[in-house]
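Participant: Residue numbers are given in UniProt numbering: position 227 of the sequence shown equals residue 227, and the series is strictly consecutive.
Calculated from the structure, these hints are not laboratory results.
Quantities reported herein were computed from a predicted structural model and do not represent experimental measurements.
Just to be clear, a hint being listed does not mean it is correct.
Unchecked claim - FRET-style restraints, in silico, Cβ to Cβ:
id, residue 1, residue 2, range
1, Gly-522, Lys-145, 56 to 66 Å
2, Ala-61, Asp-326, 20 to 30 Å
3, Ala-261, Glu-488, 13 to 23 Å
4, Gly-417, Glu-144, 41 to 51 Å
5, Glu-441, Lys-145, 45 to 55 Å
The C-beta atom is built at its ideal place from N, Cα and C for all residues, glycine as well.
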Amino acid sequence: MGGMSGIDRAGPRPLRVTAAVGLVAALAVGCTGADDRAAVMGRAVVATSPLPTVPPARPPARISRDDVRAAVDRLDGVVRDAMRRTGVPGVAVGVVHDDEVLYLKGFGLRKTGTEDEVGPDTVFQLASVSKPLASTVVAAAVGEKTVGWDDPVVEHDPGFALKDPWVTRHVTLADLFSHRSGLPDHAGDVLEDLGYDRAYILGHLRHEPLAPFRAHYAYTNFGLTEAAVATARAAGTSWEELSAEKVYEPLGMDSTSSSFADYEKADDRAFLHVRDGDTWSSEYVRDPDAQSPAGGASSTARDMTKWLRLQLGDGTFEGRRVVAADALERTHLPHTVSEPPRSPAGRTGFYGLGWNVGYDDQGRLKLGHSGGFALGAATNVALLPGEKLGIVVLTNGEPIGVPEAITTTFMETASTGGPTVDWLAFLGPVFRQTLQAERSETDYEKPPASPAPAEEDAAYTGTYANDFYGPLTIGAEDDELTMRLGPEEQRFVLHHYDGDTFFYRTTGEMAVGPSGVTFTLGSGGRADKVRVENLDTSGIGTFTRKDAD
Numbered sequence: 001m002g003g004m005s006g007i008d009r010a011g012p013r014p015l016r017v018t019a020a021v022g023l024v025a026a027l028a029v030g031c032t033g034a035d036d037r038a039a040v041m042g043r044a045v046v047a048t049s050p051l052p053t054v055p056p057a058r059p060p061a062r063i064s065r066d067d068v069r070a071a072v073d074r075l076d077g078v079v080r081d082a083m084r085r086t087g088v089p090g091v092a093v094g095v096v097h098d099d100e101v102l103y104l105k106g107f108g109l110r111k112t113g114t115e116d117e118v119g120p121d122t123v124f125q126l127a128s129v130s131k132p133l134a135s136t137v138v139a140a141a142v143g144e145k146t147v148g149w150d151d152p153v154v155e156h157d158p159g160f161a162l163k164d165p166w167v168t169r170h171v172t173l174a175d176l177f178s179h180r181s182g183l184p185d186h187a188g189d190v191l192e193d194l195g196y197d198r199a200y201i202l203g204h205l206r207h208e209p210l211a212p213f214r215a216h217y218a219y220t221n222f223g224l225t226e227a228a229v230a231t232a233r234a235a236g237t238s239w240e241e242l243s244a245e246k247v248y249e250p251l252g253m254d255s256t257s258s259s260f261a262d263y264e265k266a267d268d269r270a271f272l273h274v275r276d277g278d279t280w281s282s283e284y285v286r287d288p289d290a291q292s293p294a295g296g297a298s299s300t301a302r303d304m305t306k307w308l309r310l311q312l313g314d315g316t317f318e319g320r321r322v323v324a325a326d327a328l329e330r331t332h333l334p335h336t337v338s339e340p341p342r343s344p345a346g347r348t349g350f351y352g353l354g355w356n357v358g359y360d361d362q363g364r365l366k367l368g369h370s371g372g373f374a375l376g377a378a379t380n381v382a383l384l385p386g387e388k389l390g391i392v393v394l395t396n397g398e399p400i401g402v403p404e405a406i407t408t409t410f411m412e413t414a415s416t417g418g419p420t421v422d423w424l425a426f427l428g429p430v431f432r433q434t435l436q437a438e439r440s441e442t443d444y445e446k447p448p449a450s451p452a453p454a455e456e457d458a459a460y461t462g463t464y465a466n467d468f469y470g471p472l473t474i475g476a477e478d479d480e481l482t483m484r485l486g487p488e489e490q491r492f493v494l495h496h497y498d499g500d501t502f503f504y505r506t507t508g509e510m511a512v513g514p515s516g517v518t519f520t521l522g523s524g525g526r527a528d529k530v531r532v533e534n535l536d537t538s539g540i541g542t543f544t545r546k547d548a549d
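From just these sequences and the hints, can you work out the full model?
Facilitator: Okay, here's the thing in structure tokens:
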């Protein structure tokens, strides 16, 4: 789930879920100010413009070690309370202050139905918390002059293209890392769900319609992935190897990887869990390699505290320079407006390079990001760089607000002595509402009282083409009308709704419940087009018949 200016997913949700995940993340870093509650329900695509790249002066630190220790002393209770109230199976937490790890602990189980406990070295999938990790890797390459943040992407990946040739020539690494390229929200994510690989998805972004360049914020996993992969190409290596070479190995993050295979090989790993009522179960496997820089990293609470120390140390770790300070600082600066203020007293939320960025009433910089897989992971990181304070929370349950509630409660306790609201009670309904809001406005499970009959199956069967999604095949199998999509021809059963409209039940990370499939009949009585509702969010979800007669 997509950024910490909302409820983000790495893989990956459509627009409204991005708004929720990204904006909830913003709460943990205080981006939205007095109108936090309204901001959580805000939109994910907003007007913006290039912003200054000179950082404001840092105000003096206000949080003492005693303040932090008092907040740390309450963490056990905060985590256990969240687990008791939600049932989330496992949580790992790390806190860093003044270059010292003050808290490092695991709670609960790696997998329900077992006795395997979560510890500081349990490996979790990070989802979109991978993004600030990725910007750290690219910052290291920028510091070594391998690439520059303002380099056009085509300088390092000549085959890359977007729909507009001028934008193709000018879009930079920074544009893609800050979600201001003009690509639509979560562009390419459904292709991943259908089974297409990274090369196919990046090669087909050129078919997506574009908003005005650098004038809109829209959260994308594969835009950022393209920038990261182009950086690795410039370095003459793969993204997975570049990440290890520039960040994981220098920091001794021995259990961290940008490869799903390494996560699966880990004996001490947390499994994904989804919730059905009050019951949590491990049902799904999520391989995010296609969007590895945006959502495919895995790590432990212990390893993540090392990365927090690097961030809070301006690119140094244990006295060694790992990332150039100016290249890293660039990631912490606002590059686009992700959330306008909702009231005169509200504060603007920004997106940097892989980070959600905000400033509080004292002018303190606040950084954060959320991550989430609808198939069973939720993560959050929050930093106050001027206070040298950071916290990371990793969980193995679907996004319901648990990590955001823990980080926000901790930061408010350290800053003011206690939370301003019960964040878990507030965030839970927000997540439920946004997930419900992304479903179709049509309740396909309740057909009209007198639906118009469908044509014979032969009117619909055949193969239909689409430049972005590839072929779609309608077949009649075992008295069922079916739809097949993707390189592995995933099979979906079509259920009749009304006339030439059917529906199918979506699956995978981008599932949105039942979605419509509507055929348009030609003059010969056979369908010549078919529109798939959930594939048409950016207007490219219509397929045209390509078989003869």
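Participant: Take the hints in turn and mark each one as holding or not.
Facilitator: Here's how the hints hold up against the structure:
1. Gly-522 - Lys-145: 56 to 66 Å: The hint (56 to 66 Å, Cβ to Cβ) holds, given that Gly-522 and Lys-145 are roughly 58 Å apart.
2. Ala-61 - Asp-326: 20 to 30 Å: Since the Cβ atoms of Ala-61 and Asp-326 sit about 22 Å apart, the hinted range of 20 to 30 Å holds.
3. Ala-261 - Glu-488: 13 to 23 Å: 19 Å, holds
4. Gly-417 - Glu-144: 41 to 51 Å: 44 Å, holds
5. Glu-441 - Lys-145: 45 to 55 Å: Taking Cβ atoms as reference, Glu-441 and Lys-145 lie about 51 Å apart, which means the hint holds.
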